[in-house]
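Please arrange chain B on chain A, whose structure you already have, making use of the hints.
There are 2 protein chains.
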Amino acid sequence: MLKQFIPKAEDSVRVPEDALRKTVVSIFEKMGIPQEDCHLAADGLISADLRGVESHGVSNILRNWVHLIQEGTINPKPNWRIIRESPAITAIDCDRGLGMILAPKAMEIAVKKARDTGMGMVTMRNGRHLGMAAYHAMIALKYDMIGMCLTVAGPKMIPTFGAEPRLGTNPIALAAPAGKEAPFVFDASTTVAASNTIDDAVRLNIPLPAGWVPDKDGTPIMREVEPDYFGKGKKFLSILPLGSTREMGSHKGYGLSCCVEIMGGILTGGGYGANPGRPNYNHSVTAYNIASYMDVAEFKRTMDEYLQYLKSTKPAPGHDRVYYAGLIEAECVAENKAKGILLHKEVVEWFHKICNELSIPCLV
Amino acid sequence: MLKQFIPKAEDSVRVPEDALRKTVVSIFEKMGIPQEDCHLAADGLISADLRGVESHGVSNILRNWVHLIQEGTINPKPNWRIIRESPAITAIDCDRGLGMILAPKAMEIAVKKARDTGMGMVTMRNGRHLGMAAYHAMIALKYDMIGMCLTVAGPKMIPTFGAEPRLGTNPIALAAPAGKEAPFVFDASTTVAASNTIDDAVRLNIPLPAGWVPDKDGTPIMREVEPDYFGKGKKFLSILPLGSTREMGSHKGYGLSCCVEIMGGILTGGGYGANPGRPNYNHSVTAYNIASYMDVAEFKRTMDEYLQYLKSTKPAPGHDRVYYAGLIEAECVAENKAKGILLHKEVVEWFHKICNELSIPCLV
Numbered sequence: 008m009l010k011q012f013i014p015k016a017e018d019s020v021r022v023p024e025d026a027l028r029k030t031v032v033s034i035f036e037k038m039g040i041p042q043e044d045c046h047l048a049a050d051g052l053i054s055a056d057l058r059g060v061e062s063h064g065v066s067n068i069l070r071n072w073v074h075l076i077q078e079g080t081i082n083p084k085p086n087w088r089i090i091r092e093s094p095a096i097t098a099i100d101c102d103r104g105l106g107m108i109l110a111p112k113a114m115e116i117a118v119k120k121a122r123d124t125g126m127g128m129v130t131m132r133n134g135r136h137l138g139m140a141a142y143h144a145m146i147a148l149k150y151d152m153i154g155m156c157l158t159v160a161g162p163k164m165i166p167t168f169g170a171e172p173r174l175g176t177n178p179i180a181l182a183a184p185a186g187k188e189a190p191f192v193f194d195a196s197t198t199v200a201a202s203n204t205i206d207d208a209v210r211l212n213i214p215l216p217a218g219w220v221p222d223k224d225g226t227p228i229m230r231e232v233e234p235d236y237f238g239k240g241k242k243f244l245s246i247l248p249l250g251s252t253r254e255m256g257s258h259k260g261y262g263l264s265c266c267v268e269i270m271g272g273i274l275t276g277g278g279y280g281a282n283p284g285r286p287n288y289n290h291s292v293t294a295y296n297i298a299s300y301m302d303v304a305e306f307k308r309t310m311d312e313y314l315q316y317l318k319s320t321k322p323a324p325g326h327d328r329v330y331y332a333g334l335i336e337a338e339c340v341a342e343n344k345a346k347g348i349l350l351h352k353e354v355v356e357w358f359h360k361i362c363n364e365l366s367i368p369c370l371v
Numbered sequence: 008m009l010k011q012f013i014p015k016a017e018d019s020v021r022v023p024e025d026a027l028r029k030t031v032v033s034i035f036e037k038m039g040i041p042q043e044d045c046h047l048a049a050d051g052l053i054s055a056d057l058r059g060v061e062s063h064g065v066s067n068i069l070r071n072w073v074h075l076i077q078e079g080t081i082n083p084k085p086n087w088r089i090i091r092e093s094p095a096i097t098a099i100d101c102d103r104g105l106g107m108i109l110a111p112k113a114m115e116i117a118v119k120k121a122r123d124t125g126m127g128m129v130t131m132r133n134g135r136h137l138g139m140a141a142y143h144a145m146i147a148l149k150y151d152m153i154g155m156c157l158t159v160a161g162p163k164m165i166p167t168f169g170a171e172p173r174l175g176t177n178p179i180a181l182a183a184p185a186g187k188e189a190p191f192v193f194d195a196s197t198t199v200a201a202s203n204t205i206d207d208a209v210r211l212n213i214p215l216p217a218g219w220v221p222d223k224d225g226t227p228i229m230r231e232v233e234p235d236y237f238g239k240g241k242k243f244l245s246i247l248p249l250g251s252t253r254e255m256g257s258h259k260g261y262g263l264s265c266c267v268e269i270m271g272g273i274l275t276g277g278g279y280g281a282n283p284g285r286p287n288y289n290h291s292v293t294a295y296n297i298a299s300y301m302d303v304a305e306f307k308r309t310m311d312e313y314l315q316y317l318k319s320t321k322p323a324p325g326h327d328r329v330y331y332a333g334l335i336e337a338e339c340v341a342e343n344k345a346k347g348i349l350l351h352k353e354v355v356e357w358f359h360k361i362c363n364e365l366s367i368p369c370l371v
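Protein chains in written order, with the working numbering: chain A, 8 to 371; chain B, 8 to 371.
Bound conformation, chain A alone (with noise of 0.2 Å):
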């Protein structure tokens, strides 16, 4: 996370895991899922916040979901169906459950058809949104297999030379497990960066970094913006591909977001994210099991080996060590399973306000 975004001291208060995961149970019970599923998507969330990635953790999400079910757009009790099947691969439809609970049933499938075939991939039409992509990537890692999972949202990124939104931020979560050392965790939307970071900027008040979004007419801006750029508190609508510009490889950012919406969108036949009419989450996970492909003790002995020359790359002036994705989250965890997580105050205002609303304990 770049240093800007993460909350000071003085706006945030630590809240012990156990406290907030109880507290998000409870508000999920509420919504009417069922309590094995609430406890499913709380760790999703309470997992991205342990991580570090506030952006998909309870801060952001939490409260759009909410308002989600509430008018009926999310079904807290969706009847999943697989519509078809072949040994490696499964396309389900979601019937508009949570993806954040879905995607971890999904990659269960995945892991086992990997464990028969080699690899195993499961599409999701239908769905809504899953939260932090790389949760159900990395359930692949105990199982001694790479996770990998798309997912494909509503158009913010305008296509390269464009001047409109539509392409989904359309991240990629790729997990690889090691050894001895942390697993390789990558997830990055194929934005310059996340929706919902964005929205952190306006809500923390932040200016956005050069290269981030483009002006009205399309032109990406390549200074510092105002968080009210666009007016005083409203969101930016369009958010640039990853190269920010043509000469900087805009188009590989965009074509890589059409990537994810083809293998995470079209081919689940849910369609592209901006179909209209739909608040279209489509999603794929696939499993690949390292043991079809070779040994898995050598796979992990060479993942440390590559994992420690990245680390000990001699860093650039300014800068003292050189990381690897998943590297600083794994260190985030630790730190926050003892300390607490970090929940910005007006974060906490909300969670007194939603469970007096539900007339259910508050213990954030």
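If you're looking for bench data, these hints aren't it; they were derived computationally from the structure. All values reported here derive from a predicted model rather than from experimental measurement. Glycine included, every Cβ here is placed at the ideal spot set by N, Cα and C. Some hints here could point you the wrong way.
Below, a list of computed lysine-lysine pairs in the BS3-like style, where the Cα atoms sit at most 30 Å apart [as the list claims (entries may be wrong)]:
| id | chain 1 | residue 1 | chain 2 | residue 2 |
| --- | --- | --- | --- | --- |
| 1 | A | K346 | A | K29 |
| 2 | B | K318 | A | K241 |
| 3 | B | K119 | A | K119 |
| 4 | A | K346 | A | K187 |
| 5 | A | K112 | B | K307 |
Just a sample of chain A residues kept apart from chain B, beta carbon distances all over 10 Å, derived [as the list claims (entries may be wrong)]:
| id | residue |
| --- | --- |
| 6 | S33 |
| 7 | K37 |
| 8 | Q42 |
| 9 | Q77 |
| 10 | H136 |
| 11 | G250 |
| 12 | C339 |
| 13 | E364 |
Chain B alone, transformed into the frame defined by chain A:
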């Protein structure tokens, strides 16, 4: 391709496709490559040139391959063999054979597995350069499948915050069929620009755009860079990850490069790109059988709708069209087939020289 990289008419000649193809086949034959494989290798190179991907056509790559075959690094007659197999996965050892020749064969195996199980993946260890990755991904198209190709090379990319190159340019290629529209064909390195494109800049004396390369100490250079920045005729040894700086998302380009290094390198059993003592080009190819996911005609209809939707994006000021990956290239093929392939005069000179050395007729 950026405008400055399009060869100037006065520096170039147009060579008919057939003449170029015959000459390339003759060169490969003289290298001791079996005749059928010569046609395959030539087709891969000529396809890149037809698609306007000069960086991966005869201009940059062929002379290097000739050199590597002559010095014994590339094995012209490899005994490639299957070393592990499951219903969806085949792992092969390439015996130092040219990826350009072996990856199409691997993709045919992946297609066969995909027909049986839904998807098929072939990993290729101990390989050599495979040319334009899109060529291999596109093989899946004629079977109504989606194709993916990953390839891992020696270290060129510096990690975010790092001062020395540790990762390959590690491209990702994905090809998906459409109905009436040109297929979606994505093929991009995970660096800001491909290594060959940067070599082109040095060869053609073109300044590099801001955000492409780091300074000697690893600091991203965020202004235009003279092609002789590190000395006259000297290659740039490092390239920045897609995203250029941490604030603009270079950790995403870096992380994607690691994903390729894991899925197309470590998982092959051949290790990561930078392993000392190996000119490592490990690869993987994957085929996804659309019919295992959904109705093929519906997939193609949706792809047509999606690609038209992207093309019809309102352009930003200063631009007259919005493209999607593979569209310019498809238009380029039609033009180059009709008019001939554009070669820099310096490349034509090389052809005359090598044909003379090998005592073969030069039709270029």
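Exercise for the section: Compute the least Cβ-Cβ separation between C339 (chain A) and chain B, then decide whether it is above 10 Å. Expected result: Non-interface label on C339 (chain A) holds, nearest chain B Cβ at 15 Å vs cutoff 10 Å.
Handout entry: Pair hint K346 (chain A) and K29 (chain A), alpha-carbon separation not exceeding 30 Å
Key = holds (17 Å)
Handout entry: Distal placement of E364 (chain A) relative to chain B, Cβ over 10 Å
Key = Answer for E364 (chain A): holds, closest chain B Cβ roughly 38 Å.
Practice task
Run the C-beta distances from Q42 (chain A) to all of chain B and say if the shortest one exceeds 10 Å.
Solution key: holds (33 Å)
Exercise for the section: Could you let me know if the closest chain B CB is still more than 10 Å away from the CB of S33 (chain A)? Expected result: Holds, since 36 Å exceeds 10 Å.
Problem - Proposed proximity, K187 (chain A) with K346 (chain A) (alpha carbon, max 30 Å) - result: Holds, because 24 Å separates the two Cα atoms, which is no more than 30 Å.
Exercise for the section: Measuring Cβ to Cβ, find out whether G250 (chain A) lies farther than 10 Å from everything in chain B. Expected result: violated (6 Å)
Problem - 30 Å limit on alpha-carbon distance, applied to hinted pair K112 (chain A) and K307 (chain B) - result: holds (29 Å)
Exercise for the section: With a cut-off of 30 Å on the C-alpha distance, tell me whether K318 (chain B) and K241 (chain A) pass. Expected result: holds (29 Å)
Problem - Restraint check for K119 (chain B) with K119 (chain A), where alpha carbons must lie at most 30 Å apart - result: holds (22 Å)
Handout entry: K37 (chain A) and chain B, when compared Cβ to Cβ, separated by more than 10 Å
Key = holds (37 Å)
Practice task
Determine whether the non-interface label on H136 (chain A) survives the test: each CB of chain B must be over 10 Å from its CB.
Solution key: holds (21 Å)
When the structure is compared with the earlier hints, a violation turns up for hint 11 alone.
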